[in-house]
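Peer 1: Below, each chain spelled out in residue letters.
Protein chains: 2
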Amino acid sequence: MYLKYLGETKAIRLIMKNIQRRCSEIRLGIGDDACLLKDGTILTTDSFLEGVHFDLKYFDYQTLGERIACATLSDIAAMAGKPILILAALYLPKEMTTKELLSLYQGIENICRRYNCEIGGGDIVSSKRLGITLSALGKTDKPVLRSGARPKDRVFVTGYLGLAETGRKTMNIKSGYRNSRARHLRPLPRIKEAWQLRTRLNSLIDTSDGLATDVNHLARESGVKIKIFWDKLPIHPETIKLCRKRHWAIERFVLSSGEDFELLFTTQKEMPKTIQGLKISEIGICEKGRGVFLIKEGGKEYPCPPIGYDHLWSRSISF
Amino acid sequence: MYLKYLGETKAIRLIMKNIQRRCSEIRLGIGDDACLLKDGTILTTDSFLEGVHFDLKYFDYQTLGERIACATLSDIAAMAGKPILILAALYLPKEMTTKELLSLYQGIENICRRYNCEIGGGDIVSSKRLGITLSALGKTDKPVLRSGARPKDRVFVTGYLGLAETGRKTMNIKSGYRNSRARHLRPLPRIKEAWQLRTRLNSLIDTSDGLATDVNHLARESGVKIKIFWDKLPIHPETIKLCRKRHWAIERFVLSSGEDFELLFTTQKEMPKTIQGLKISEIGICEKGRGVFLIKEGGKEYPCPPIGYDHLWSRSISF
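Chain order of the listed sequences is A and B. Counted the way the working numbering counts, the first sequence spans residues 1 to 319. Counted the way the working numbering counts, the second sequence spans residues 1 to 319.
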């Protein structure tokens, strides 16, 4: 069967069925945000392809470097780790200039400087289209996993849901949508926030695939039921404005939009309203049971399946 | 300036000039075989692109998976490490079939099984041409670096020089060249051999860029002069046969052919003639001074510059 007809879940399931766990140093292998060793080392890899993940119409090379470094480091934040190094494997078109290459690296370097990690090496291949695979290594003394949510945990999210996608959809609009576009172009990973909160959290994931999908990951891998309160979701005025203007169903937009790279976590401990200036919203509760449900006016429960972007072949699958 | 006019060395030098070292956990950063942390973690990344690094005429997908996993793990062997995990970032054509994808993974998995490591995750992107970036993580308790050679060290190499390239050049010939083709298709990394020898070695590198280039790396980074004895180089009869048949200068062929992925190392300790059945040849000596020289009949010294394949844009640059 051609891959394009297979579907994301099945492709990953098939691959995972054929891979054996055999290494005693590894705590969490294939299938999570990142690979976790028993000594607290976190390793992740992410690919970005021109025309698929980014459009050079809207990105200069430095911003592109910043963007992809942010997205990759977010996988380290998602396990409450501190990044140490990034390796950059580049597929570069021959007609790219030296200046463009250096700008791309400068962007990655800018984000490394911000998070006190460094570019530890790389690999360059000549290609027709620009492609970049970043691998990042981090460390943590207290990994927080997707599988740690417990009944009675409250569910929290940082920042805004759907903000980055609002930015992506408005890149061709000259004015307004400043916050959304900033989040799309330079989605600073929540490294410091996750590190500061790590001892208080039971479970953690970053919102890369859209809230619905990400909450379903937490619920399934923790073996709990999660209720999400629709009227508590943090939605930015720019997202509301865009959905109204385009006559889009805001519920679907907010639940399915990915790449916000915010922290989604559960805990029974007290949470502040903000951390390092970043808004924290309480959006749901964990209970005994299975599945994810959206609670709307009057307390009615609606099933909330993982309706995030189906990556298959349109964008990418990470596993 | 367009990258294609820049040249490998300058491209890397420019990139490295713009990257800052800032992370105290890193012992060896950008510029070596792999990145080395102070805790003995080794991290490396390698890319392989259809039409550049391999030709699907000569590789089925499983053999391809084996080939690229071998090449990547060789960077771990080059620091005397044990591999723990591989992450596979795939750029896959839509018309690839599920069976082909699984065969590719099976190949990587076969090599992981052999070296007791595992596939720890990955990423899939849809692309026009097949591209694969593998990142590998390993550990060592006694890293052996390129920079450790000392005057009076003797220089050794495992296996044969130019064997893999002999294989690559004879892929379209139906018979003969069995050993060469095996080395090209499945260049088993010298993980176990390097691990066993590690406490006895002063410096180590794998022969990925061709002997001339690799010896120059050792000499430059250790600050020594290295003399290589031409008549001691291990050259396989199949290589001699091919060079004769095609009227190629065997000296240039042997000195410049890469991807043998053998161990090249220096030591003052005694060395056996074989290790785990693999031939070890003494091929040179380190002295005070600079540069690499080839010693031919009568003891005459000829300068031996890094004439290995200049990767720039024809294949790839790893740094």
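You may find that some hints are simply not true.
Same chains, same label: a pair holds when it works inside one copy or across any pair of copies.
Unchecked claim - In silico EDC-like cross-links for lysine to aspartate or glutamate, where the CA-CA straight-line distance does not exceed 20 Å:
no., residue 1, residue 2
1, 232, 60
2, 139, 270
3, 300, 50
4, 10, 100
5, 245, 141
6, 296, 231
7, 232, 55
8, 192, 25
9, 232, 141
10, 38, 25
11, 99, 50
12, 17, 100
13, 10, 95
14, 94, 270
15, 139, 297
16, 296, 251
17, 152, 282
18, 128, 25
19, 128, 95
20, 94, 39
21, 225, 50
22, 10, 50
23, 273, 100
24, 296, 282
To be clear, the hints were calculated from the coordinates, so they are not data collected in a lab. The structure displayed is predicted, hence computed values, not measured ones.
Peer 1: With reference to the structure, classify each hint as holding or not holding.
Peer 2: So, going through the hints one by one against the coordinates:
1. Taking the closest pair of Cα atoms, residue 232 and residue 60 never come within 20 Å of each other, the shortest separation being 36 Å inside a single copy and 53 Å across copies.
2. In this assembly of identical chains, the alpha carbons of residue 139 and residue 270 never lie at most 20 Å apart, being 26 Å within a copy and 40 Å across copies at closest.
3. In this assembly of identical chains, residue 300 and residue 50 lie within 20 Å of each other by CA distance neither inside one copy nor across copies; the values are 43 Å within and 54 Å between.
4. Proximity of residue 10 and residue 100 under a CA criterion of 20 Å is satisfied inter-copy only: 15 Å between copies versus 38 Å inside one chain copy.
5. Taking identical chains as interchangeable, the C-alpha atoms of residue 245 and residue 141 are never at most 20 Å apart, the minima being 46 Å within one chain and 61 Å between chains.
6. For the homomeric pair residue 296 and residue 231, the shortest alpha-carbon distance inside one copy (7 Å) is at most 20 Å, but the shortest distance between copies (82 Å) is not.
7. In this assembly of identical chains, the alpha carbons of residue 232 and residue 55 never lie at most 20 Å apart, being 33 Å within a copy and 55 Å across copies at closest.
8. In this assembly of identical chains, the alpha carbons of residue 192 and residue 25 lie at most 20 Å apart only when taken from different copies (18 Å versus 27 Å within one copy).
9. For a Cα distance limit of 20 Å, the shortest separation of residue 232 from residue 141 qualifies neither inside one copy, at 32 Å, nor across copies, at 51 Å.
10. Both within a single protomer and between protomers do residue 38 and residue 25 lie at most 20 Å apart by alpha-carbon distance, with minima of 6 Å and 18 Å respectively.
11. Taking the closest pair of Cα atoms, residue 99 and residue 50 come within 20 Å of each other only inside a single copy of the chain (18 Å); across copies the shortest separation is 27 Å, beyond that limit.
12. Taking the closest pair of Cα atoms, residue 17 and residue 100 come within 20 Å of each other only across two copies (15 Å); inside a single copy the shortest separation is 41 Å, beyond that limit.
13. Within a single copy, residue 10 and residue 95 get their C-alpha atoms only as close as 38 Å, which misses the 20 Å cut-off; across copies the closest is 17 Å, which meets it.
14. In this homomeric assembly, residue 94 and residue 270 never come within 20 Å of each other (Cα to Cα): the closest approach is 54 Å inside a single copy and 48 Å across copies.
15. Proximity of residue 139 to residue 297 under the C-alpha cut-off of 20 Å is found in neither arrangement, the shortest distances being 43 Å within a copy and 55 Å between copies.
16. Taking CA atoms no more than 20 Å apart as the test, residue 296 paired with residue 251 passes inside one copy only; the shortest distance there is 11 Å, against 78 Å between copies.
17. In this homomeric assembly, residue 152 and residue 282 come within 20 Å of each other (Cα to Cα) only inside a single copy, at 13 Å, whereas the closest approach across copies is 68 Å.
18. In this homomeric assembly, residue 128 and residue 25 never come within 20 Å of each other (Cα to Cα): the closest approach is 39 Å inside a single copy and 36 Å across copies.
19. In this assembly of identical chains, the alpha carbons of residue 128 and residue 95 lie at most 20 Å apart whether taken from the same copy (9 Å) or from different copies (18 Å).
20. Taking the shortest alpha-carbon separations for residue 94 and residue 39, neither the intra-copy value of 41 Å nor the inter-copy value of 38 Å comes in at or below 20 Å.
21. When the C-alpha separation of residue 225 and residue 50 is checked against a cutoff of 20 Å, the pair qualifies neither within a copy, at 38 Å, nor between copies, at 46 Å.
22. For the identical chains of this complex, residue 10 and residue 50 are neighbours neither inside a copy (26 Å) nor across copies (26 Å), given an alpha-carbon limit of 20 Å.
23. When the C-alpha separation of residue 273 and residue 100 is checked against a cutoff of 20 Å, the pair qualifies neither within a copy, at 41 Å, nor between copies, at 50 Å.
24. Taking CA atoms no more than 20 Å apart as the test, residue 296 paired with residue 282 passes inside one copy only; the shortest distance there is 15 Å, against 77 Å between copies.
When held up to the earlier numbered hints, the structure conflicts with 1, 2, 3, 5, 7, 9, 14, 15, 18, 20, 21, 22 and 23 and fits the remainder.
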